[in-house]
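Starting from the given sequences, assemble the full structure and let the hints guide the process.
There are 2 protein chains.
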Amino acid sequence: MAPGVSGYDLRCPSHKCKIGGVGGVTMRVAVVGGGVVGLAVAWRLAAAGDQVTVYDPAPGSGATGVAAGMLAPVGESRFGEEPMHRLLLAGADRWPAFAAALTEATGHDLGYRDEGTLLVALTDDDLRTVARLADFHRRAGLTVEPLRAADLREREPLLAPRVRGGAFVAQDRQVDPRRLAVALRIAAEKAGAAFVGDPVTRLSDVDGADATVVAAGCGSAVLVPGLPVRPVKGQVLRLRATGDAPPLRHVLRGHAANRSVYVVPRRDGEIVVGATEEERGTDVQVTAGGVLDLLRPAVDLVPGLAEYALVETAAGSRPGTPDNAPIVGRLRAGVLVATGHYRDGVLLAPITADAVAAMVRGEAPPDEFRPFGPDRFPGVST
Amino acid sequence: MAPGVSGYDLRCPSHKCKIGGVGGVTMRVAVVGGGVVGLAVAWRLAAAGDQVTVYDPAPGSGATGVAAGMLAPVGESRFGEEPMHRLLLAGADRWPAFAAALTEATGHDLGYRDEGTLLVALTDDDLRTVARLADFHRRAGLTVEPLRAADLREREPLLAPRVRGGAFVAQDRQVDPRRLAVALRIAAEKAGAAFVGDPVTRLSDVDGADATVVAAGCGSAVLVPGLPVRPVKGQVLRLRATGDAPPLRHVLRGHAANRSVYVVPRRDGEIVVGATEEERGTDVQVTAGGVLDLLRPAVDLVPGLAEYALVETAAGSRPGTPDNAPIVGRLRAGVLVATGHYRDGVLLAPITADAVAAMVRGEAPPDEFRPFGPDRFPGVST
Numbered sequence: 001m002a003p004g005v006s007g008y009d010l011r012c013p014s015h016k017c018k019i020g021g022v023g024g025v026t027m028r029v030a031v032v033g034g035g036v037v038g039l040a041v042a043w044r045l046a047a048a049g050d051q052v053t054v055y056d057p058a059p060g061s062g063a064t065g066v067a068a069g070m071l072a073p074v075g076e077s078r079f080g081e082e083p084m085h086r087l088l089l090a091g092a093d094r095w096p097a098f099a100a101a102l103t104e105a106t107g108h109d110l111g112y113r114d115e116g117t118l119l120v121a122l123t124d125d126d127l128r129t130v131a132r133l134a135d136f137h138r139r140a141g142l143t144v145e146p147l148r149a150a151d152l153r154e155r156e157p158l159l160a161p162r163v164r165g166g167a168f169v170a171q172d173r174q175v176d177p178r179r180l181a182v183a184l185r186i187a188a189e190k191a192g193a194a195f196v197g198d199p200v201t202r203l204s205d206v207d208g209a210d211a212t213v214v215a216a217g218c219g220s221a222v223l224v225p226g227l228p229v230r231p232v233k234g235q236v237l238r239l240r241a242t243g244d245a246p247p248l249r250h251v252l253r254g255h256a257a258n259r260s261v262y263v264v265p266r267r268d269g270e271i272v273v274g275a276t277e278e279e280r281g282t283d284v285q286v287t288a289g290g291v292l293d294l295l296r297p298a299v300d301l302v303p304g305l306a307e308y309a310l311v312e313t314a315a316g317s318r319p320g321t322p323d324n325a326p327i328v329g330r331l332r333a334g335v336l337v338a339t340g341h342y343r344d345g346v347l348l349a350p351i352t353a354d355a356v357a358a359m360v361r362g363e364a365p366p367d368e369f370r371p372f373g374p375d376r377f378p379g380v381s382t
Numbered sequence: 001m002a003p004g005v006s007g008y009d010l011r012c013p014s015h016k017c018k019i020g021g022v023g024g025v026t027m028r029v030a031v032v033g034g035g036v037v038g039l040a041v042a043w044r045l046a047a048a049g050d051q052v053t054v055y056d057p058a059p060g061s062g063a064t065g066v067a068a069g070m071l072a073p074v075g076e077s078r079f080g081e082e083p084m085h086r087l088l089l090a091g092a093d094r095w096p097a098f099a100a101a102l103t104e105a106t107g108h109d110l111g112y113r114d115e116g117t118l119l120v121a122l123t124d125d126d127l128r129t130v131a132r133l134a135d136f137h138r139r140a141g142l143t144v145e146p147l148r149a150a151d152l153r154e155r156e157p158l159l160a161p162r163v164r165g166g167a168f169v170a171q172d173r174q175v176d177p178r179r180l181a182v183a184l185r186i187a188a189e190k191a192g193a194a195f196v197g198d199p200v201t202r203l204s205d206v207d208g209a210d211a212t213v214v215a216a217g218c219g220s221a222v223l224v225p226g227l228p229v230r231p232v233k234g235q236v237l238r239l240r241a242t243g244d245a246p247p248l249r250h251v252l253r254g255h256a257a258n259r260s261v262y263v264v265p266r267r268d269g270e271i272v273v274g275a276t277e278e279e280r281g282t283d284v285q286v287t288a289g290g291v292l293d294l295l296r297p298a299v300d301l302v303p304g305l306a307e308y309a310l311v312e313t314a315a316g317s318r319p320g321t322p323d324n325a326p327i328v329g330r331l332r333a334g335v336l337v338a339t340g341h342y343r344d345g346v347l348l349a350p351i352t353a354d355a356v357a358a359m360v361r362g363e364a365p366p367d368e369f370r371p372f373g374p375d376r377f378p379g380v381s382t
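Respectively, the protein sequence lines represent chains R and H.
Quick note on the UniProt record's numbering: the first sequence kicks off at 1 and runs consecutively.
Quick note on the UniProt record's numbering: the second sequence kicks off at 1 and runs consecutively.
Simulated from the structure, these hints should not be mistaken for laboratory data.
A portion of the hints provided could be inaccurate.
Said to hold, decoys possible - Simulated restraints on C-beta separations: (1) D244/R - V25/H: 54 to 64 Å; (2) G269/H - G269/R: 34 to 44 Å; (3) S61/H - T242/R: 17 to 27 Å; (4) D124/H - D125/R: 21 to 31 Å; (5) E81/R - S61/H: 32 to 42 Å; (6) G269/H - T242/R: 24 to 34 Å; (7) D151/H - R376/R: 34 to 44 Å; (8) D210/H - D283/R: 49 to 59 Å; (9) D151/H - E82/R: 51 to 61 Å; (10) D151/H - P225/R: 32 to 42 Å.
Claimed, not checked - Among the chain H residues that face chain R by a calculated CB cut under 10 Å, a handful are: (11) L142; (12) T143; (13) I186; (14) S220; (15) L237; (16) G269; (17) V273; (18) A288; (19) G290; (20) D293; (21) A306; (22) E307; (23) Y308; (24) V311; (25) V380.
Note that the Cβ used here is the ideal one computed from N, Cα and C, for glycine as well.
Written out as structure tokens, the structure is:
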């Protein structure tokens with residue numbers, strides 16, 4: 001990477017002199033799990049000169065494969081959790097340089113877009129929800145522009161006439177997680193990382209590493225007894241314009257009769273509609289109710305979506321934790337965890353990679369991770 | 001087939017002595033189109049001793065593959081069309097013997113069930129629709145048992161508590177069209193019919209037949225210039241119970257806030273939810289709006305369906321005609337048509353096969369077909 005082009009330095013920010021390359025310390029690192037977090041860690045370490053092996057029978061096929069890729073650091077589910085906000089904001093800050101560096105390293109289009117998102121309210125009740133959310137964005141230091149219904153529809157003519165109002169969040173961004181996973185794997189391989197398709201059922205299956213990073217999402221609980229990671233099912237739809245349907249311009253974070261839904265248009269014409277949050281069941285089965293819960297508010301907010309082709313229905317399991325914050329830290333000598341990212345795996349992948357890169361060498365991760373080590377949960381086997 | 005077992009005689013009912021077998025007239029018949037109508041015709045003729053060749057690159061893959069297979073002769077879309085009623089009732093009468101004969105000929109389970117269906121109304125408005133429909137059944141000579149909400153829910157405990165009422169139609173039946181198509185093909189082949197996978201783009205592609213039967217559904221208009229057959233798109237869903245979800249017992253013909261939907265449980269646990277009727281577009285693309293229009297009333301009527309897996313979404317084109325009645329008759333010497341069955345292809349397949357079997361020999365079809373020849377439309381190329 002040409003210095004200064006992207007501003008994203010793949011070496012550990014605080015210890016550049018110590019890691020990789022000529023005169024640096026080269027580590028053998030096993031990364032168990034090839035989702036977006038594991039892949040970002042692998043690229044980060046391999047680019048710094050470490051010998052990295054990623055273990056995953058199907059990289060990118062877990063939560064990554066069904067994620068929408070909204071890079072929105074402030075969500076309504078996070079009201080009042082200050083440490084988590086700081087982490088999400090810091091994670092979001094990493095993205096522009098990370099995306100630029102990855103694009104440059106691979107030549108791949110990540111579907112990265114930074115036009116901001118629209119918060120949209122269908123009813124008066126929803127308008128109150130959006131107002132609270134907008135206020136929350138402001139307190140987090142983000143710029144939010146309130147929009148009346150007419151202004152909203154001027155920006156996004158496909159919105160339903162009965163939409164009551166909303167707001168514009170300029171700093172929100174998006175990336176296509178499937179493209180991201182492909183690019184990360186290519187970048188990691190280019191930097192020398194190896195990929196092993198054998199499943200890892202015990203950490204002892206991994207031989208000869210100086211450090212093992214458990215980044216196996218929901219599967220992490222099997223590898224680390226006591227790790228409180230549970231699957232939270234999410235269903236997601238992919239639509240595609242048929243004929244000469246006009247394109248949707250903005251990412252929408254919609255509220256329709258107290259149901260929330262996001263509608264994420266990709267540049268290639270695909271629209272992702274997500275996502276349910278279901279605590280029950282460990283299956284990844286698409287259900288009639290899940291699809292209905294997504295289509296109803298999406299079509300209420302954007303009636304023209306009814307004409308779009310429904311090209312994919314999918315379900316996946318997000319790795320949830322008791323506080324729905326990630327678990328990133330040292331478990332014992334030679335073993336780190338980077339999991340439990342719940343809905344924020346894509347947003348937090350770059351900063352998690354930085355944290356793991358530091359910790360592999362026994363250094364402290366970025367401050368924002370301090371509250372999120374595995375030691376906050378009793379009973380985790382170390 | 002053992003005489004008397006099914007009561008369904010595969011020879012032409014009115015001219016048994018003349019057709020097939022020892023001393024009979026053996027015809028070479030080309031059947032263009034291997035949907036449920038073409039396959040029934042092929043079996044009928046082959047079993048009578050004719051040399052039958054079916055032309056279809058993918059038998060059973062058109063409207064047949066997405067049909068629900070309700071055998072309900074009286075539907076709300078048919079109010080006031082007396083000749084069509086007579087045909088549908090006569091078609092339904094053929095089914096018990098036809099199903100028994102086909103099952104016996106092949107040993108295949110057709111998914112044939114004769115428990116009757118429930119008409120179900122969600123709102124007061126819907127209740128008026130159901131009352132009109134029940135009255136219409138009675139005038140057609142069918143037995144309809146009105147049911148109050150409590151009675152309905154006793155018969156079908158999965159119905160929503162807010163269902164207002166309905167009725168039971170004892171004579172309605174169902175068959176699984178996919179199983180039916182497989183069985184018909186096997187039966188036709190056992191009886192000596194040949195299948196050719198080459199597409200037929202002109203009738204002159206078919207050589208050496210004494211008679212050609214155009215049973216190509218929506219594709220018939222290409223083969224017979226001027227034949228007024230248009231595609232009417234239908235979308236349909238397939239659900240399947242997950243875990244220990246209780247099974248739905250009855251076929252439901254539901255009315256929910258002025259939307260109609262049918263919910264057809266198969267014995268193997270599959271539930272078919274259908275069907276949209278869309279005049280616009282010739283595509284067979286599943287759309288967000290189509291799926292929503294089916295899931296919303298289905299889940300409103302049977303809330304437990306929300307937990308069912310959505311295992312398939314599909315769309316197909318029914319062959320509609322200006323009066324939405326079939327076009328069955330002689331086009332010119334050696335060429336017959338049997339198409340335009342719209343929503344009634346499965347119900348009318350057996351009686352259509354009888355009609356074609358008669359007409360192949362220049363005999364009159366069953367009386368009920370008299371109003372439905374191609375000569376009722378000016379401009380059909382004969």
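Hint by hint, here is what the structure shows:
1. Between D244/R and V25/H the CB atoms are about 55 Å apart, so this pair conforms to the stated range of 54 to 64 Å.
2. Under the hint 34 to 44 Å, the C-beta atoms of G269/H and G269/R, about 36 Å apart, fit the expected range.
3. At roughly 21 Å, the beta carbons of S61/H and T242/R sit within the given window of 17 to 27 Å.
4. Evaluation of the 21 to 31 Å hint for D124/H and D125/R yields a pass: the beta carbon distance comes to about 27 Å.
5. Distance hint check for E81/R and S61/H: the Cβ-Cβ separation is about 53 Å, which falls outside the suggested range of 32 to 42 Å.
6. For the pair G269/H and T242/R, the beta carbons lie near 32 Å from each other, so the given range of 24 to 34 Å is met.
7. Look at D151/H against R376/R: about 57 Å separates their beta carbons, and that is not inside 34 to 44 Å.
8. Remark: the range hint 49 to 59 Å for D210/H to D283/R is upheld by a beta-carbon distance near 57 Å.
9. A hinted range of 51 to 61 Å holds for the C-beta pair D151/H and E82/R, which are about 58 Å apart.
10. Separated by about 55 Å at the C-beta atoms, D151/H and P225/R break the suggested range of 32 to 42 Å.
11. With its C-beta approaching chain R no nearer than about 31 Å, L142/H sits outside the 10 Å limit, and its interface hint is violated.
12. At a threshold of 10 Å, the smallest CB-CB gap from T143/H to chain R is about 32 Å, leaving the interface hint violated.
13. Checking I186/H against chain R by beta carbon gives a least distance of about 33 Å; that is not within 10 Å, so the hint is violated.
14. A distance limit of 10 Å between C-beta atoms decides the matter here; for S220/H the minimum to chain R is near 25 Å, and the interface restraint is violated.
15. With a least beta-carbon distance of about 7 Å to chain R, the hint placing L237/H at the interface is held under the 10 Å criterion.
16. The restraint placing G269/H at the interface with chain R is violated, with a minimum CB-CB distance near 14 Å, outside the 10 Å limit.
17. Here the hint on V273/H is kept, as its CB sits about 8 Å from the closest CB of chain R, short of 10 Å.
18. Hint status for A288/H relative to chain R: holds, with the closest Cβ pair at about 5 Å, below 10 Å.
19. Hint on G290/H holds. Least Cβ distance to chain R is approximately 8 Å, under the 10 Å limit.
20. Here the hint on D293/H is kept, as its CB sits about 8 Å from the closest CB of chain R, short of 10 Å.
21. Interface restraint check: A306/H against chain R, minimum CB-CB distance 3 Å, threshold 10 Å, status holds.
22. Look at E307/H: its Cβ gets to within about 6 Å of chain R, closer than 10 Å, so that hint holds up.
23. With a cut of 10 Å, the hint placing Y308/H at the interface with chain R holds, because the nearest CB-to-CB distance is about 5 Å.
24. Of the supplied interface hints, the one on V311/H holds, with its beta-carbon coming within about 8 Å of a beta-carbon of chain R, less than 10 Å.
25. This hint is violated: V380/H has a C-beta 31 Å from the nearest C-beta of chain R, more than the 10 Å allowed.
Hints 5, 7, 10, 11, 12, 13, 14, 16, 25 from the list above are not met by this structure, while the remaining hints are.
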